[in-house]
Amino acid sequence: MDSDKKVNWGRVVILAGAIIAFTIGSGFATGQEIVQYYTAYGMQGIFTVLLFAVCFIYYNYNFAKAGAEEHFEKGNDVYKFYCGKYVGTFMDYYSTIFCYMSFFVMVGGAASTLNQQYGLPSWVGGVVLTALAILTVVGGLNSLVDKIGVVGPAIVVLCIGIGVVTLFRDAGNVGAGLEIIRTGAFAEAGGETIKNAGPNWVISALSYAGFVLLWFASFTAALGANNKKKDVEYGIYGGTIAVCVAIVLIMLAQVANINTAGLSNSGIFVWNADIPNLVLAERIWKPFASFFAVVVFAGIYTTAVPLLYNPCARFAKEGTGQFKILTVALGVVGLVVGLFLPFRVLVNIIYVLNGYVGAVLILFMLWKNIKDVFLKKK
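FYI, the numbering for the sequence shown is 1 to 378, going by the numbering used here.
To be clear, the hints were calculated from the coordinates, so they are not data collected in a lab. It is possible that some hints are incorrect.
With a Cα cut of at most 16 Å, we get these calculated EDC-like pairs of lysine to aspartate or glutamate [to be verified]: (1) K65 / D77; (2) K230 / E69; (3) K65 / E233.
So the derived label-pair ranges between C-beta atoms look like this [said to hold, decoys possible]: (4) E188 / L353: 27 to 33 Å; (5) F47 / L353: 21 to 27 Å; (6) R182 / V87: 36 to 42 Å; (7) E188 / P121: 20 to 26 Å.
All C-beta atoms in this analysis are idealised placements derived from N, C-alpha and C, irrespective of residue type, glycine included.
Given only the sequences and the hints, what does the whole structure look like? Please build it.
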């Protein structure tokens, strides 16, 4: 019994790392998520971070607890546990569709990254990413994904580094940046303004927590089933703190440079760039930005592969002809959609919409927790 209560701190670090890597994906690396969910609200973005942290800890703790106690056959069964048979089945299938919709975002991110940094036509990044993703899913080249798996931690370290270096240099500009956001005095804005995820910071926080939730439900339930409760619990706390510190650093760096132009001066500024973190990286050192763009692209690739694999594996048996045809078909459709809609619009529509669906799941979870408390009292 004592061994169950004793915390394995080495395991805690590994679990926290897994949670960080899963949360900080390509959207974070590009900086586009941070702009829309946090930076766009100025100083209220700090409240967005805090509310997101509360939601993130709450639902991940619940998922881990349910996984440990119920020992689900599939991680996705956690939806039925909280929402009942019918709504749970809908959420199960919806999360699969959401994974595929997120693949569109990856195509758009790859296209924008190579276009913004190297001036390549948008279709080049999209086609290269889609081809690599299809080949990996069809060929089962898992070793390739494993080798590039180091990209996740590299993105975290580089993003935090960009935030720290930028703030060390530009911290004095944060006040001016907040005033620009408050008054809407964005450089060369014309009739355009900064994109945001919702009408206010509360909706933005719930939306962000909601879309991240759809990624984490089955993942955290599986962690809970396969690890000691205390280890998972502390891993969730540690991962949440690290993610939130990184968000605040990047957000303040973006605020301090909200009207900073890319070195090409082609009307791209931090507030309207598809990849705002590339503008910040360029300001630190132009060769570093070229390297950072490659890391971002690799990060998008490692995220895109499971997003394409999940819907294919759900509807066809891996390795069969049907699976391969479905992979190619879904990959090509994702390419067309991802290139048709601008990256900023993709993030704004797909992540925000799915965030609201995820937020509804939080309400189901709260209702079940309240019912369980009353049943125990009775």
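Structure-based check of all given hints:
1. For the hint pairing K65 with D77, the CA-to-CA distance comes to about 13 Å; that is within 16 Å, so the pair holds.
2. For the given pair, K230 sits about 14 Å from E69 by alpha-carbon distance, which is consistent with the 16 Å threshold.
3. In summary, the hint linking K65 to E233 is supported, as the alpha carbons are separated by about 9 Å, within the 16 Å threshold.
4. The supplied range of 27 to 33 Å is met by E188 and L353, whose beta-carbon atoms lie about 29 Å from each other.
5. Against the hinted window of 21 to 27 Å, the Cβ-Cβ separation of F47 and L353 comes to about 23 Å, which satisfies the hint.
6. Checked against the given bound of 36 to 42 Å, the beta carbons of R182 and V87, roughly 41 Å apart, stay inside it.
7. The hint said 20 to 26 Å for the Cβ distance between E188 and P121, and at roughly 23 Å that hint holds.
Hint check: no violations occur; every hint is consistent with the structure.
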